[in-house]
Every structure is written in C-alpha cells, then in structure tokens.
Amino acid sequence: MKCKRAVILLLLCMLIPMGLAAEGVAEKAPRPLAEIDEDDSCLSCHQAVSPGIVQSWRLSKHAFAGISCAACHTGHTNDPSAGEHFGFNVTSVPSPNYCAQCHAEEVRQNSRSKHAWTAFIGHLKPYYEKARSMGLDPFSQETAKRLDPDQIAKRTVSPLFPDSGVLKMTGLLDRPDYEHNNVNLGCAQCHGTFVVVTEDRTLKGWPNTGIGRVNPDGSLGSCSSCHTRHQFSVEEARKPHTCGQCHLGPDHPQIEIYEESKHGNIYDASGEQWNWDTPAGEWGTDDIDAPTCATCHISGFGGQLETTHDVGERLYWELQPKRSVPQWKNAEEVEDLVLQRVSDQKSAEAGRVKMKTVCLQCHSSSWVEGYFEEFDKVVNDYNLLWDYVDQLLQDAYAKGLASKDNPIDELPEIYHYLIWHHSGRRWRMGAAMMGPDWSHWNGAVDTIMINLGSMQSDLEMREKLQSLESK
Amino acid sequence: MKCKRAVILLLLCMLIPMGLAAEGVAEKAPRPLAEIDEDDSCLSCHQAVSPGIVQSWRLSKHAFAGISCAACHTGHTNDPSAGEHFGFNVTSVPSPNYCAQCHAEEVRQNSRSKHAWTAFIGHLKPYYEKARSMGLDPFSQETAKRLDPDQIAKRTVSPLFPDSGVLKMTGLLDRPDYEHNNVNLGCAQCHGTFVVVTEDRTLKGWPNTGIGRVNPDGSLGSCSSCHTRHQFSVEEARKPHTCGQCHLGPDHPQIEIYEESKHGNIYDASGEQWNWDTPAGEWGTDDIDAPTCATCHISGFGGQLETTHDVGERLYWELQPKRSVPQWKNAEEVEDLVLQRVSDQKSAEAGRVKMKTVCLQCHSSSWVEGYFEEFDKVVNDYNLLWDYVDQLLQDAYAKGLASKDNPIDELPEIYHYLIWHHSGRRWRMGAAMMGPDWSHWNGAVDTIMINLGSMQSDLEMREKLQSLESK
Amino acid sequence: MKCKRAVILLLLCMLIPMGLAAEGVAEKAPRPLAEIDEDDSCLSCHQAVSPGIVQSWRLSKHAFAGISCAACHTGHTNDPSAGEHFGFNVTSVPSPNYCAQCHAEEVRQNSRSKHAWTAFIGHLKPYYEKARSMGLDPFSQETAKRLDPDQIAKRTVSPLFPDSGVLKMTGLLDRPDYEHNNVNLGCAQCHGTFVVVTEDRTLKGWPNTGIGRVNPDGSLGSCSSCHTRHQFSVEEARKPHTCGQCHLGPDHPQIEIYEESKHGNIYDASGEQWNWDTPAGEWGTDDIDAPTCATCHISGFGGQLETTHDVGERLYWELQPKRSVPQWKNAEEVEDLVLQRVSDQKSAEAGRVKMKTVCLQCHSSSWVEGYFEEFDKVVNDYNLLWDYVDQLLQDAYAKGLASKDNPIDELPEIYHYLIWHHSGRRWRMGAAMMGPDWSHWNGAVDTIMINLGSMQSDLEMREKLQSLESK
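Residue numbers (numbering that gives the first Met the number 0), protein chains in the order written: chain Z, 0 to 470; chain F, 0 to 470; chain B, 0 to 470.
Derived by calculation from the structure, the hints in this document are not laboratory data. Any given hint could be a false lead.
In this list, chains with the same sequence are indistinguishable; a pair is considered to hold if it fits within one copy or across any two.
[As the list claims (entries may be wrong)] Quick list of in silico lysine-lysine cross-link-like pairs, DSS-like style, CA-CA up to 25 angstroms:
#1 Lys124 with Lys376
#2 Lys321 with Lys167
#3 Lys463 with Lys403
#4 Lys376 with Lys328
#5 Lys27 with Lys376
#6 Lys345 with Lys463
#7 Lys398 with Lys129
#8 Lys321 with Lys203
#9 Lys398 with Lys167
#10 Lys376 with Lys203
#11 Lys398 with Lys27
#12 Lys470 with Lys27
#13 Lys321 with Lys470
#14 Lys27 with Lys403
#15 Lys60 with Lys27
#16 Lys376 with Lys403
#17 Lys398 with Lys463
#18 Lys129 with Lys403
#19 Lys355 with Lys113
#20 Lys376 with Lys60
#21 Lys355 with Lys345
Computed from a predicted structure; not experimentally measured.
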C-alpha cells in the first residue's frame, strides 16, 4: 500500500511540469544559476545597481568555477585605466592581458591575427602611419594624447573614409560643428577605438568592444566582442550571428552568405538540437550537423586540427584588397602588420590544407578539391576584371575626365571604389562560402553590369561633354 | 515484488518519450491545449470550417480563462460592421474598443501613440487634410464614403507616394485601369486601411491588420498587428520579428539593425532558453540575457518603469522627418496629431530618462551616458548634411536645372528624397540602436558618397548641358 | 523499506539531467542515433574517413529502417557515373531515378515541375536550343561532350547572363584566361550543372546539388537540394530556409518576403514549438501555427488536398517573366518545357483553387477572396508599367539613343533588365506572399521611382547630347 502511494506520488510529481505549463506554453527547464556569495561586495552592490550583469555572470562557467568579479577587474599595475572604485582598485576595461591570466594561448593566437590589428589596419591607419613616421610608439597613451587618432580619422580625406571626399567637397568635413561621428558609431564599433584615459580618469573612445580596440595598457583587441561579458559563453562564440555582428553588409556579407549556404540552411533547420557546449578540442561531427563560422575558422574540429584564434590561419586568399593575393604573413612573422603586408604563398597553402581538413570530415576529397578549384577560378576572374577597372580610372585621369586631387568625390572614383570594396568582395566571398546569389547577383552582376556598366556610361557622357565644350 | 514491478513499470514509462523519438528527432513535450466546450456553436462549426483559428485559440490564455469567441466578436451597438451571422450578432473587425473591454489601459496608451495614427500620418494624410478642410469628421464612415480615402491615396502626386511623380509622367497615374494598388498591398498593410462597410455589409479595405487601421466604429488601430489572433501571445509580442513585420527595409530597418547589434546577437544565440511568458511588470533581467524591441520600448522592465503601449514614449529624437527634432507631443496633448506636430523638448528629455532606466539594468552609467552622447552627435551630423542637401535642390530649382511642378520625377528630386527618407534614416537609426553597418555603410556612406555624390554629379551634368544648349 | 529505497533511487535518477547541466546550459535530450552494423564495409570505412556523413545518416529515418549506403549508391546499369569503388559498383551521383526506387510518385511530381527543368530553362537554355536545332538529344552525355554546355553558357552574350554584355564590351568575355566562372558558382549552384562523366571517370560539373541538375543517367534534378543528404529530413524540407537557399536575393526574394510576412513572424516567434515530423498527408493545423513555404506549395496540408512536388501546381500567375501570364502547362502536358511555354488559364485557375484550400483552413472566405483580388490588381499594374518600359526601350533604339547589337551593355538596356528581372518581380512577389515592403519599397518604388526614373533621365541626357552633337 505504502509503496503504491509512493509510486502514485511520484507519478504526480512527473505530471507537475505539465501542470505548470497550463497557460499555453510548454514549460522549459530553468537554466542552472550559480549561487551568490553574499560576502562578495562587488556582487552584493551590483546585484542592486545593475542586476543584468550579475545574472549574466551567474549563468557563466566562471561563476560555477568560483571566478568572480575581482579576478578579471582588479587593475594591473601598468594599466592607466585602473583606479579606485569604492575602496577597490579596478578597471572597467579588462583587456586581453587580463584574459591571458588564464587563457594565454588563446590570447597569443588572437594577437597575431588581423582581428587584433583591425583598428590600425582600418580607420586608425592614418594615425598609425603618422606616429611611426614621427618615430613615436603608436600603442602608447602619450602618443594618442599628442596626435588624437579619433580626430585624424574624422578629418582625413581618403577612401578609408569613403564619405570623406564628398564631405570635403560640401565643406562639412572642415566645419568643427560637423563631428563626422559615423567614424565612431560606424567604423570603430567593429574595428575598435583607441581608448584614452584622461586626466580625470574618464575614458575617451568609450564605450567600445570593437575587436581591434587599442586598450589603455597598450594591448590590442577585446575578447568580449565574441564572448560577450559576463557569460563568456562558448555556445555564443560558436553560433554564426556572433560573427555576423561585424561580418555583414555591402562590403563583406559573410553572415548573409552563410545564411544562403547549405551549411546555414541546415543550421537554421536543426541547430537548436545540436550540442553547443562540448569542450574545445572535442567538438566534432557527433555534435553538429553542419559547420558554423567557428567550426571552419577557429575550432579544433573533430580533433583533426588545432584550435586557433587567428582567424586568417586557414585561409588561402586575401579577399578584401583591391587585387586578391595569397594570405599575408601574420603579425608574429612581420615587424609591422600595418605597414608590411607580405603575401606568403607558403603559409597560404598551409592554410588551405587546414581548411580542407575540416571539409573532409563530411565531404569526399573529389567534392572538396572540385569546389576549391572552382573558387580559385572566381578569384582569378575578379582580379582580371579589376585590372580593367583600375586602368579605366587611370585613363580617365589621363584624359582629364576626372581629377586626382580629391580621390573619392567623382562618380568614376565612386564606382571604382564600389567595385573593389563592395560588389567585388561579394563576388569573391560568395564563391568562397557557397552563397551563389552573393557571388552572382550581388557580386559579379553588380560589379560588371551595374557598377562597371554605369562607370562606362558616365565616362562616355563625360567624354562627349568634354568634346562638345572644346568645340 | 509488487513494488518492484511498479517501479519497473514506472521506469518503462519514463523511457517512453525516448522510444517515441526513435526516428531521429528528440521528442518535444506537447503544448497544453484548452478543451472545447461542445455546446459552443461558434467553436463547433469553426472547428470544421477553419480549424486553424480554433487550434490557435485553444493555445491562448483566453481559452484557458474561458474567454471564447463571443466575448470579442459580439457586435457593439454603434459598430456598423456588426451584423447577423448564423443567428448571432457578430463583427469580423473587433477593434481596440473591443479589446478595451478588458485591456482598457493598454488601449488608452496605444491610442495616443503614432502607431494608432499611422494611417492618417501616412498614406491617408491627404484624405484627412481634405476632410478637415471641408469641416467633415475624418473618422466617420460617411466622410469616407463621400471622399474615398483609398482613391485619394492612389491618385495624388506627392512624395508621400514616392512612385507617383514618375507614374504621373508616364500617364499611368491617370489611367483608370492602372489601380496603383501597391498603395494598398504596400503602404496600407502596415499603416492600415480605412475599413468601410458598404450597403450590402461587405467590407472595403479588407482584409487588413495594419496598426493604424481606421475601424468602422471610428477607433484607430489593430491590436492583432502584434498580438496575432487568436493566440494573442505575450511571447510573440516580446519577440523582435513581430516588430520586424513593419520595421524593416530601406526606410526604417530597425529589425536589421537589431539583428546586427550585440543585443540581437545574444538573442539569436540563446533566446530560445529565455522566459518569454513572465507576467507584464515582472519581466526582468532574471528572464532574458539581452533586450528585444519590446523590452526597451514597451515593457515595464525589471519593475523599474511603467509598461507603455505608446512606443514613442521613451524616445528623445524623431528620427523619421527630413530634419530630426525632439519628439512631438503625443495625441493626448495636441488637438490633432496629423496637422499639429509639436516638438517638445521636455517630454523628449523625460523619454530619454525612461530609456536610460532600461539600459542601466545591465550597463554602467558611464557606458550609457557615453553612448547617448555619441548618438546625439550623429543626429546633429545628419541635420547639418540635410541642410546642405535641401539647399542644393532649392538652388537647382532656382537655376532651372529641375522643375518644381512635379515634385518627385527628376533625379535631383529623387536623390533628395532617398537621402532623408531612406539612407538618412538608416544613418540615424543605426546609431540609435547599435548597428554600426547600418549607421555607416547603409547610412552615412550611402547618403554622402552614393546619393549626394550622384546628385552632385547629375546637377553638374545638367548645368553643363544647359550651358551648351544656350550657346 | 526496499520499496522506499527504490523510489528514492528513482527520484535521484530524475534529478540527474539537472545535475549534468551544472555549467549554465539547460540540458537537452540526446537525439536518437541508429546503431551501426559493423559488418557493413561502407559504414565501417566511412566512419573513419568522413564521419560527418555517417553521423548524419544515423540520425535519418533511412538508418532506423535499415536502408543503408548500398541501397542508394549501388550503380544502375545505364548510369555512366557508376563504377568500381573498393570492390563495389557505386555512383556518387544518386539521381532522382535512384530515389524513385522507393519514392516513385514524388519523383514523378517533381519531374514535371519547373524545378526539374530549371537548368535548361535557365543558363543551359542556349545549349538546349542548339542541341535541339541540330537534332541532338540534349539530355545525353554524348551531346554534352560534343557541345560543352558549360562553355556555351560562359561565352554567350545574352540577358540570360546579365553580365555578359558589359563583359563583351571589355573584351574579357573572349579571353580564354577569363573563366566567367560565376556562371558555375552562381547560376549552376541553384539551377544545376550538366554532370558529365569523362573518359577517366572523373566528373565535370561537380560538385553540384542544383535542383535542375542534369544527371549522367539523363534524369533531371537533385532531391538532396531540399532533403539534404544523408538525413533526408522531412523537418528540414518543411522549414523555410531550405527554400531560401535559392529563393532569395534581388531577383526573387521569397525568403525575405516570407520573413516579413505575418506567417514568417509567427514561425520566428514559436516555430521551435511546432511538430515538424508528422507524416506527410497528416500534417495540419494541429501541428503548426502558421504556414511555411512547403505548407502552401507542397504539403497535403490538413488532408484537404494532395501532396505535390510540382511546386507550380498551386499557382495562378507566372511571376518571373517580363510580362506575367497565367501558369504555363507543366512538363507532362507539353512536348518541351524549354521551347514551349504554353500559358494555360484553366490549370492556373485550378491551381488557385488548390492554394485557397490551404488558406481556408485558417482564414475566412471573405479574407481569402479579398486578398487574392488585391494581389491580381498588383500583377495587372505591373504588366501595364512593363508595356510602357518596353516601348521606351524600343523607341530609344528607333531614335538611335541605344544600339541593339549588344543587347545588355547600355544603361537603358540595363534599367530595362532590372525592371522586369529584379524590382518588377519583387513588386509582384511581395504582393503574392504578404510582404508589403517588398511589394512597395523594394518593388514598385524601386521599379518606378528609381529604375524608371533613372532610365528616363538617362534617355533625356542622351537625347540632349545627340541633338547638341548634330548641331
């Protein structure tokens, strides 16, 4: 009897979850939450002041392993951002140097990547070049205070700032009340700001989590770009939309290409059923049905290759420049990744071998070889077309149909830019990652039919007008 | 022995779900479904005739609370859409007046919002102005029958209907067989139709669930725009793609901006694990890891502020007009939201305080203050650029390079429109919601390099031709 | 006592899943995995060589039903792609003929669809026409070897290859080192390649899973386009992003339209809670809250109509051509779907009746009739506009403002193309599938204001220059 009652009780217990869900939504298991040490004064205060970040941390592996606020926020000796905060010495900018206390190898990998250097390769390049030319240390707070990298970026006319040419023409670029602040809320949100600590310890270039952020301690990068504080979840970093925060849009639509691809389609259809938190190095074909960005570019997938945080390591081609070349050497192999772009066939080939190692876990070698062969042809096509386009602009300059002095204000210059920087990348990248509409319609067709077609037509019109005017 | 058997049986029961799933898909718990009262003649008939809506209702809170068809569909006395249906007096257009029977405060909030007024602010504005100028009640069925708002929208030349200028030029706008029906299946699907009940009780402007729908009973809006019938789920209304039904595309890509943002990235990575049906007012940082649209603009998040269905209430800037200004007063504060657009610094500032109250639950005050400061600079930049662009068009009119009589058929007019209505909004909105590519590439760069660059080039060409022709 | 202990044990067992999840992620039930027969030499080898495909198969219904590699990969007698592979006779191109061994009716339905014929209707059309004109069998390996369909596609100037006109002008189209390979990694990835088996049994046109692939055995299509090998999951095929692999982008953005629609919004909000693996013919309103692509175009939804793999069967309009007409007869009703496009009012009307049968399971008849009426008006509008645009180009040819010899290299020709092939389809398709921004902004407004507005302006400029030059 007693036993029967126990069993009935048990059965009732089993029905509870169903009962709870009585209002139309199937009940979910609550996510495990780490306990809070009430003696931790960071936590007890922030739980009231900013409960979201405490909750986020309580969901993290850090929390379950007893790694709490002070472990990452206690200011380092040489970090100008560190300072007093209610009796503690803290920084609000834990740089990769802080993460390296436990994750040294990951930080080292990232440091040699274009990710870490992307502010200096991007909108902070004019500042970097100027500092170097003056013999100054471009990483130091002193140099930044002296030269003001943000203002250099906002006032320079260059295709690096593609709106600068027309802005110059309108006069706005030189007006002090025009802030040109899309440099900050555009470029720098992904590329990273130079974070400068002012006299009164407020931060310039803040808030920012750009992946190439120049930190007050002189280090490059922001790990929380992809491992969002304060969960720092491997699941998040493995999911495609994390990369899609920056890898999207007219100039490098990797997330859109992925979404179109068969890989992305399978992720959309069944990704929620996959295993996302398998430890690094063990994650493999048993866990997921199709690769995400991280699978191919970062993970030690299937134990067949080493994990890397140097995201260029498995690539053959540089697909972003005006003319594609085999991958540059990484930041550990050159003196300076900004000023020295050394294309290196050998490491490019090694990169492709690594990438194929991932592919081959699901595809036959004839499949893999065949695809890469076709992809290489597309890159070659683009390069040939680019040579034609670039010559067309040089000819236009020579004929006086456009003027070189403002390099990015006349239509032929604008189409020239759109071809290499926008549609020409889509053409190449769509082919790289199996997104046919991106390679064809938004790539080759946009480049050739629309941009080059319009450029040719504009030049013809200019030539006719020139000839009529000289009559 | 018996006990052992019972336990074994129990263990077997526990294995059943796994057994059921033997064909490759992990089994899901079935969603709870309310029972059907077989005496309810609405339900028993519609279960055969349109099973989808009955099933949908059975999943709703309404169903579990015993609120069935008649509660919302029984026609109100003054509602011209009410009428006989198999012996019952019903309407197929339950307006916000019907929802207000139980949800009065939510309907009141919504009524003062731009959402409720968006048909009259949008494509039905010419009708509204005409009715007002004739001293007629623009909300009444009689006025609508007399003036035909749909036909006014389809035949007026105005940048409100940005294809109307070129359509006029082609002659199609005046051809009776050209219906110009993208006004209905385009504009009115989001903004709402004027639903008119004809003599024989059929409905014109139907089907429609536009959020600014003008209902036969004279009320404005359609609650089911966001709380889709017949589940009316708070989960759905809290998810971003519900807002994304209308807030997308070249002119206000809020959903795309959200998807790019860190907020959207976290939603994509872990949203399926969050709590979506926590009661209103209790939803907070314990439930979700990042905000959705509703969190910031509507919810009484974390119990720190009041829930509102006036979606403009927490905003400082109007980002949609040609020139951005602090928020207009809402429909309760002016006589007429269509004809009186009163920018009000005070309530705009109060709105920003509310918004910051949401931000501060996860971010430090220096983070929040810093971001808004940068955002305001972007809006200021846009305004300065706009002044330049608008002057450029006025100068072109003055020089005879374009003609004012058809306001939207010549290229300079078209670029002028694209700048404020499309790319210039992306520039501002991308900055507002942390979508850097939308602020930069699809915003500032599209505005300045592409649209303004093309406009300048077109004007130069026109000027040269004018001068050659006058030789 | 024993009993009590057993119950306690059981309770502990029930707690295990919670315990396992201690690191911050709610534990998921593992997906059932079929056992591997260790005597199966395909499996035992491929488990080491390409573990991903074995894992994928182990998740399939095929695996649980004992259908393993040999069942689908054993080469058919008349299949030139079949050959020796470690002692077995296998093909790596299991065509629809292979699938038809078990799924004959589905293959038959697909064979009469535009899906199966889409390579020949698309980029392989010039090859097909040439083969027919020479009296050759366009399906045979011999003809393909003789004529080389891939090279014909890559070297022909035609709006079928919209970049070909400008490429011709640049000289690149005729340069042997210019591969024009976006035809392969663009067009053919969706439309399908002609897979040719060379002398040494390597495959040309490989890898490829385009839905209109011409297989070595002469059959058309690739079932794994939508039912990805090796899971062949009905769940995947029912989810919208599977169709979105090809139905996206500037020329037919069905997935983007779906995402905007109320249907897509509901899918985004609650789709993960729906039943996706209900057997074909039983799937209905009890399983899902809103339709996906498959629901309306393929499924025997709610048991109210027959399942079909002829995706055009339920459509009234052809929305892709320059001028919309009622659906063509399918490939079973004409001698040749490439050369004979017979618009058939009768079967188009039958198609609409079928589509309405789906709609009516969730919508009232006035709702359904009303929507289709509005949609038809939009198609009619587009057709009238198209007549105007086409006449405009013919007039331009007549006046010498553009030249007919290269049909797709001058701006008026390019706008003419963009209008029917890109924006004009978005206009019609957005209306068909309830995506108002696609019908309005990206459709009608892009067509009329931007494309036609620019075309008119360009023609005026050309006319002025012509007149100035002739002075």
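Status of the hints after comparison with the structure:
no.: 1; hint: Lys124 with Lys376; in the structure: between (32 angstroms within a copy, 23 angstroms between copies)
no.: 2; hint: Lys321 with Lys167; in the structure: both (24 angstroms within a copy, 22 angstroms between copies)
no.: 3; hint: Lys463 with Lys403; in the structure: both (20 angstroms within a copy, 21 angstroms between copies)
no.: 4; hint: Lys376 with Lys328; in the structure: within (23 angstroms within a copy, 39 angstroms between copies)
no.: 5; hint: Lys27 with Lys376; in the structure: neither (49 angstroms within a copy, 44 angstroms between copies)
no.: 6; hint: Lys345 with Lys463; in the structure: neither (49 angstroms within a copy, 54 angstroms between copies)
no.: 7; hint: Lys398 with Lys129; in the structure: neither (33 angstroms within a copy, 44 angstroms between copies)
no.: 8; hint: Lys321 with Lys203; in the structure: neither (33 angstroms within a copy, 31 angstroms between copies)
no.: 9; hint: Lys398 with Lys167; in the structure: both (24 angstroms within a copy, 23 angstroms between copies)
no.: 10; hint: Lys376 with Lys203; in the structure: between (46 angstroms within a copy, 15 angstroms between copies)
no.: 11; hint: Lys398 with Lys27; in the structure: neither (70 angstroms within a copy, 68 angstroms between copies)
no.: 12; hint: Lys470 with Lys27; in the structure: neither (80 angstroms within a copy, 79 angstroms between copies)
no.: 13; hint: Lys321 with Lys470; in the structure: neither (38 angstroms within a copy, 43 angstroms between copies)
no.: 14; hint: Lys27 with Lys403; in the structure: neither (63 angstroms within a copy, 61 angstroms between copies)
no.: 15; hint: Lys60 with Lys27; in the structure: both (21 angstroms within a copy, 18 angstroms between copies)
no.: 16; hint: Lys376 with Lys403; in the structure: neither (33 angstroms within a copy, 31 angstroms between copies)
no.: 17; hint: Lys398 with Lys463; in the structure: both (12 angstroms within a copy, 18 angstroms between copies)
no.: 18; hint: Lys129 with Lys403; in the structure: within (22 angstroms within a copy, 49 angstroms between copies)
no.: 19; hint: Lys355 with Lys113; in the structure: within (21 angstroms within a copy, 35 angstroms between copies)
no.: 20; hint: Lys376 with Lys60; in the structure: neither (45 angstroms within a copy, 39 angstroms between copies)
no.: 21; hint: Lys355 with Lys345; in the structure: within (16 angstroms within a copy, 53 angstroms between copies)
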